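S.K.: Now that you have both chains on their own, put them together as the hints suggest.
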Amino acid sequence: MLALDAPDGSRLGDDLYSLYLAAIAWLVIPMYASAVAQVLPSDIADFSRLVDVAAALAMGAPIWFGYRGGPFLVNRAVVLHELGSPLDPRGVLAPRLARQAVAYAALAGLAANALTAMGDPEEFGYRLAARNSFVAAVAVLAAVLQTPGWLVAWKGIGRRRPWPAVAANLAGTGAVAAMVAADRSLGSPAGLAALAMAVALGAASAWSVLGRVPVPHLWRRATALDEMRSAALSFDFQRVLVSLRRAVDQTEAHRSPIRLARPWMPRALWRYLASVERGWNTRLGQVVAGAVAAALVARADPANGVVALALAAAGMVVGFELASPVASTAGQVWFGVHYPRRSAPVLRGQVATATVIAVVIAAAALGWLAGSEPVGTALASTGLFAFGTLAAAVQGRLGSPDLAWLADKLGTMVAPVLWIRALAGPILCLALTVVVSHGWLRPDGYTLWPALTLAVVAATVVVACYPLEKTLP
Amino acid sequence: MIEIRGLQHRYGKALALDVPRLSIDASTVLVGHNGAGKSTLLLSLAGLLVASEGVITIGGDPAGSPAARRRVSFVPDSPALFDDLTLADQMRYVARLHGGRKAEPAEAANELVELLDAGELLDRLPSAMSKGQRQKASLLVATARPCSVLLADEPTTGLDAESRDALLRGFAHLERASGVIIVSSTHDVELIAATPGRLRLSGGRLTDDAEAGPGSIDPVVASSPAPTPASWPDSETRHQPAEAGPSPSRWRSKSRFSED
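Protein chains in written order, with the numbering used here: chain V, 1001 to 1473; chain R, 15 to 274.
The following block holds chain R by itself, in its conformation from the complex (with noise of 0.2 Å):
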């Protein structure tokens, strides 16, 4: 679905990105560093950036193109929404710009409501909800139109532990129920677990564990210095030593809050 090729970028003199070759066909997550590439691997892939250097196709069109861009749907890292409608309008207003005057949402992104448990977020507007349920909202929105790829930038920042649960298992969803291939970046040690495929970057380079197995933890993120309490409150739930495995069932076996 996504091939990359020779693909370099830079800001200024500095290399940020650099990798030669790649194919995406499933589920992965990026894993690295602040500064690793991350970001604008994933601003690349969602054809917002123009790389320095290299070619990336999306179903066989280059990234940025119209038709690329309409294959792929892009979760920001801070929430992109329209100031001025309520998150319903938004979801209704997105699928209508895919879909023609009378669509409707997608029925995964209806099915990610109930997932996410923000049924109570569809009359408000973008002012009156918290940065955790403007994640939500914002994934909402991405979702609200039909896409086979969908980016996200750091999509469970601001989350607590409870909604991130939510947003894995909503993921799972999304794959299963509607096969898109699912490509976040994160420092999550829940969702890198939880993601079948796993790209690990440093430097603006894919590593040598970039091929690692799914649903194994990254050895440098696992290990990091885990946040104090006071800092971190959810930190207990966050650095739970993650089960290996590569099964999608894992979206669901997540969460002390799961209600199965």
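Looking at chain V on its own, in the form it has when it is part of the complex (with noise of 0.2 Å):
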């Protein structure tokens, strides 16, 4: 096996990426924990039940995941060298499609831990959860095994498509569908049973189709990789230093005739109205988030944990609307949170990752949160308020400039600082979070929302009207 040897060609910047997007989720899961623990069932009948319909869900996804391109994310010098040799594919792909497989179910049964650890811990012992974590365990270690069978069957080359494979999966999908159906539990023997032979014929379908899962298709997944870590470390930066420079040298921009402008307008404030950078699809969301937050603050509970969440999406909304235009009308450069194009569907497994870290991260906050004191869950949900708004507009304005003036200087010291420009508004938010659910700032009642919501506004004023490209070299 010699491919055992080979580097898996995994990089620091998607570790920290998963680490970022964990440190975000310890910021802000443990203030919905309360909402999380609200919806979930009671009765260890049902919550059992729960976790078999979730497994049975669960078996379902590769039909999906296939169509997707799969669970292989090898770099280029892997489809290169390593499937273009007279290695057979399957000693190149198995032993990474196995240890994704372990590392997944392993990752299914901490969640389904973590969630019935936010049950009654009067009611729920040790025994629940165990089998609930086995079941999904089990359950997803069997979906990842099918997800080749799905890969080949919807991307393979040629006519001749694996039937073999897909009846295999759909077997053992049924039997455990057909359990849950039946109102068995996943956990008696039956049950067990059925999760077994969908992991024997999973492994099955997985092993007859591995060397045939489509080159072409993994070559085209590991180039996008590789253009989204080019565009990242490079034309990000770039176009920092270029709109920073048009910036500080001439603003010509600023000066040129814009199409749909009126002369009363605020001309800045109009061309980012008009801007097409955003489609129909993020403007309908914005207006869905403005409506929302309206109706929330109108009429909502704040102390309820959803609304609490809302609040914070909308805030987020709220602070990138707010802080945009106003760098605009203030003549500032402004830089939205954004990722280069065709860089989605690697992000995605990255973004699937890291939630699933954030689950587990979220179970000791749990932990932690049940150890003290309440919350006050509506200054909670101000401090969420003004995390939010602040942190769009921290994540617009600062930042960038650093980044760009270090990527001028330093080069190849450009990844890290890639990360602390993204890890820099999260860090801000952790105070301010920190401050306002320890109530340092606590008044009484909710006289705090206006005097904050305006200090957030001011604040987020300040920092977009700053003109930071003067940090340049």
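Think of the hints as simulated: they come from the structure by calculation, not from any bench.
You may find that some hints are simply not true.
Below, simulated EDC-like cross-link-like pairs (lysine to aspartate or glutamate); rule was C-alpha separation at most 20 Å, straight line [what the hints assert, rightly or not]:
#1 R:K145 - R:E176
#2 V:K1155 - R:E67
#3 R:K116 - R:D131
#4 R:K116 - V:D1088
#5 R:K145 - R:E121
#6 R:K145 - R:D97
#7 R:K145 - R:D131
#8 R:K145 - R:D98
#9 R:K145 - V:D1226
Ranges of calculated distance between the beta carbons of each label pair, as one might list FRET restraints [as the list claims (entries may be wrong)]:
#10 V:G1156 - R:R24: 18 to 28 Å
#11 V:G1156 - R:A191: 35 to 45 Å
#12 V:W1163 - R:M15: 33 to 43 Å
#13 R:N124 - V:W1064: 40 to 50 Å
#14 V:A1098 - R:K27: 18 to 28 Å
#15 V:A1098 - R:A191: 37 to 47 Å
#16 R:A191 - V:P1164: 41 to 51 Å
#17 R:N48 - V:R1160: 52 to 62 Å
#18 R:A28 - V:D1046: 47 to 57 Å
#19 V:A1193 - R:P76: 41 to 51 Å
#20 R:L29 - V:R1184: 53 to 63 Å
#21 V:L1170 - R:P34: 41 to 51 Å
#22 V:P1086 - R:G217: 34 to 44 Å
#23 V:P1086 - R:D131: 48 to 58 Å
Just so you know, these numbers come straight off a predicted model, no measurement behind them.
All C-beta atoms in this analysis are idealised placements derived from N, C-alpha and C, irrespective of residue type, glycine included.
M.R.: Spelled out as structure tokens, the structure:
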């Protein structure tokens, strides 16, 4: 198994990205823990049923994941040299599949354990947690093993499709689904037998198709990954530098006529509003978010955790919407958080992984919350609103000029700086959230609401208008 | 060696490649403007892209089949290297992938190390190499294992004049010593002039001068506006008028930096 000796091509950037998302989750999820706990069933039987249904649904997911590209995220060197060699492709891909299947199964088990821990500690003991974790882990193991079969079925080269592998996948999923449909527990001997059968059939399915995984598809994904990294590490920074240099040297764009502008409109503001950078779907999302936020502020009880969640999301939208036009009107360059085109397929897997990590971290956070005094939910929701707004302003304005300066000065030191930039907003939010959550700004009732909101707006305006490009060399 | 029949590829509705019939039995350079279909054709030959229609065979085996991929080594336009292995380890690893646990890099690759003056790169990780050095490393790794066809997508991109000339010598050496057929795409006038065969693509199709005699300079490429000295410091060397003559010895005689 020569391939086992090969490097897997993992990059520090991926790990840092996961940590970044986990850090954000660590900041936010404890705030929502009470909301999650409210929607979980309180009866043991219902809880196990929930896990069984989730497991059955997870086993249907490989059909979609196979269509979207399957479980293999190999780099171009692996595709060129290992899959282009006389080695049996199974020797190259099977260890990677096994590693991913085990990793996802372990994470699923941890997630189920964390979910169970959210339940009533008086009722839910170790045995229940172990049962749920085991069911979730085995179901996800089978699901990941099924994915190559669906990948080859969807993306395979030529007309010959791997029908035996598809049949095996369907049989495994069907067995588990049948148990759930028949109201039989997956923790029972019959349920465990169905899960075991799904794993065995999934493994057989994977083994039968690993030699036929479409190499062009793997190459395309690997190239997309490289392009994303290259774009993130060069194009993004060059764009920032060019934008800043233009802002410093001559703001030609501000002086050029704007097609749809009217004389009575603040020109830069109109340019922002008429920008073609955002599609109708983004605008629709903003309108919906704004309407929801308005309704929540007017009618809902911010003590409810779900309301707090919505407020934080709305705060983010408000923050971006506020900081961007204000910065434009003030003649300042504004940097939205964005990723290069075509990065979505690659990021999706990382986001999924980071989300699972976040769930695990949430379990630990829940333990901390359970042992501490109740957080003032209303104040927390206010803090979350402020978090979203100010974070958006910070993310949009800070960091990038520094990044540009460092990119210009340090060259290869760019990658760590990217992450410092990305973490700048959340770090500030951590401080803010801690302040709010500990009640260090605690007034009575909701009297802080208008004052804090105004303070956030003022801070956002200051941040947006500060001429950061002066920091350029 | 390479046979193409009815090859077509579309990106969406746009026709990117349309090659009804083509045989390649000697080293060939693909020329054409950006978007002409050069890279698409190379990827199809390497089995890394499934064409919408048509058949490609390499040594009688369909492109992309395990047998064909073992005959073909590919140098992509941006280097594909293992991040965690030094160049020497990468060459050894690729050699062993093809030749077993005790195999060593092909002799041609070792000679190429000398020709490219890449000895100092052998102990370096890709992260410690410049763009041009990574390009050299990519070529060395690709040649570390035996192959009948070497596909190179714009291999001179990012190389300085000296390295480019060394690369041309390396290609000539590979062709002469190992009988490797080199199919490359390029905008580099020197490489075009030095390669015996030339195929010109435009809009995905082979144009009338596709069968132009080896060694001649494509008029469009040769007459393309020269970059400004500021943006292309080595432009003086790049745009020297090329002499006619198909002999592989031209690989050697191009460079003013040549040691011989």
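S.K.: So, for every hint listed, does it hold in this structure?
M.R.: Against the structure, the hints:
At most 20 Å may separate the alpha-carbon atoms for a hinted pair to count; K145 of chain R and E176 of chain R meet this at roughly 15 Å. Proposed proximity of K1155 of chain V and E67 of chain R is supported: the alpha carbons are some 16 Å apart, at most 20 Å. Note on K116 of chain R and D131 of chain R: the hinted pairing is violated, with a Cα-Cα distance of about 26 Å set against a maximum of 20 Å. Taking the CA atoms of K116 of chain R and D1088 of chain V, the gap is about 18 Å. The hint holds against a cut of 20 Å.
Between K145 of chain R and E121 of chain R the alpha-carbon distance is near 25 Å, which puts this suggested pair outside the 20 Å criterion. Our distance criterion of 20 Å between C-alpha atoms is met by K145 of chain R and D97 of chain R, whose separation comes to about 14 Å. Restraint check: the Cα-Cα separation between K145 of chain R and D131 of chain R comes to about 16 Å, which is no more than 20 Å; the hinted pair holds. Among the hinted pairs, K145 of chain R with D98 of chain R is consistent with the structure: their alpha-carbon atoms are about 17 Å apart, no more than 20 Å.
This hinted pair checks out: K145 of chain R and D1226 of chain V have alpha carbons roughly 15 Å apart, not beyond 20 Å. Distance hint for G1156 of chain V and R24 of chain R: a CB-CB separation of about 19 Å, consistent with the stated range 18 to 28 Å. Against the hinted window of 35 to 45 Å, the Cβ-Cβ separation of G1156 of chain V and A191 of chain R comes to about 39 Å, which satisfies the hint. Here the CB-CB span from W1163 of chain V to M15 of chain R is close to 36 Å, well matched to the stated 33 to 43 Å.
Checked against the given bound of 40 to 50 Å, the beta carbons of N124 of chain R and W1064 of chain V, roughly 49 Å apart, stay inside it. Distance hint for A1098 of chain V and K27 of chain R: a CB-CB separation of about 41 Å, inconsistent with the stated range 18 to 28 Å. For A1098 of chain V and A191 of chain R, the Cβ-Cβ distance of about 42 Å falls inside the hinted range of 37 to 47 Å, so the restraint holds. Our hint of 41 to 51 Å for A191 of chain R and P1164 of chain V holds, since their Cβ atoms are close to 47 Å apart.
Distance hint check for N48 of chain R and R1160 of chain V: the Cβ-Cβ separation is about 37 Å, which falls outside the suggested range of 52 to 62 Å. About 55 Å separates the C-beta atoms of A28 of chain R and D1046 of chain V, a value consistent with the hinted range of 47 to 57 Å. The hint said 41 to 51 Å for the Cβ distance between A1193 of chain V and P76 of chain R, and at roughly 44 Å that hint holds. Taking 53 to 63 Å as the suggested C-beta distance range, the pair L29 of chain R and R1184 of chain V conforms, at roughly 56 Å.
Judged by the Cβ atoms, the range 41 to 51 Å given for L1170 of chain V and P34 of chain R holds: they are separated by roughly 42 Å. Between P1086 of chain V and G217 of chain R the CB atoms are about 38 Å apart, so this pair conforms to the stated range of 34 to 44 Å. For P1086 of chain V and D131 of chain R, the hinted distance range of 48 to 58 Å is not satisfied, since their beta carbons lie about 32 Å from each other.
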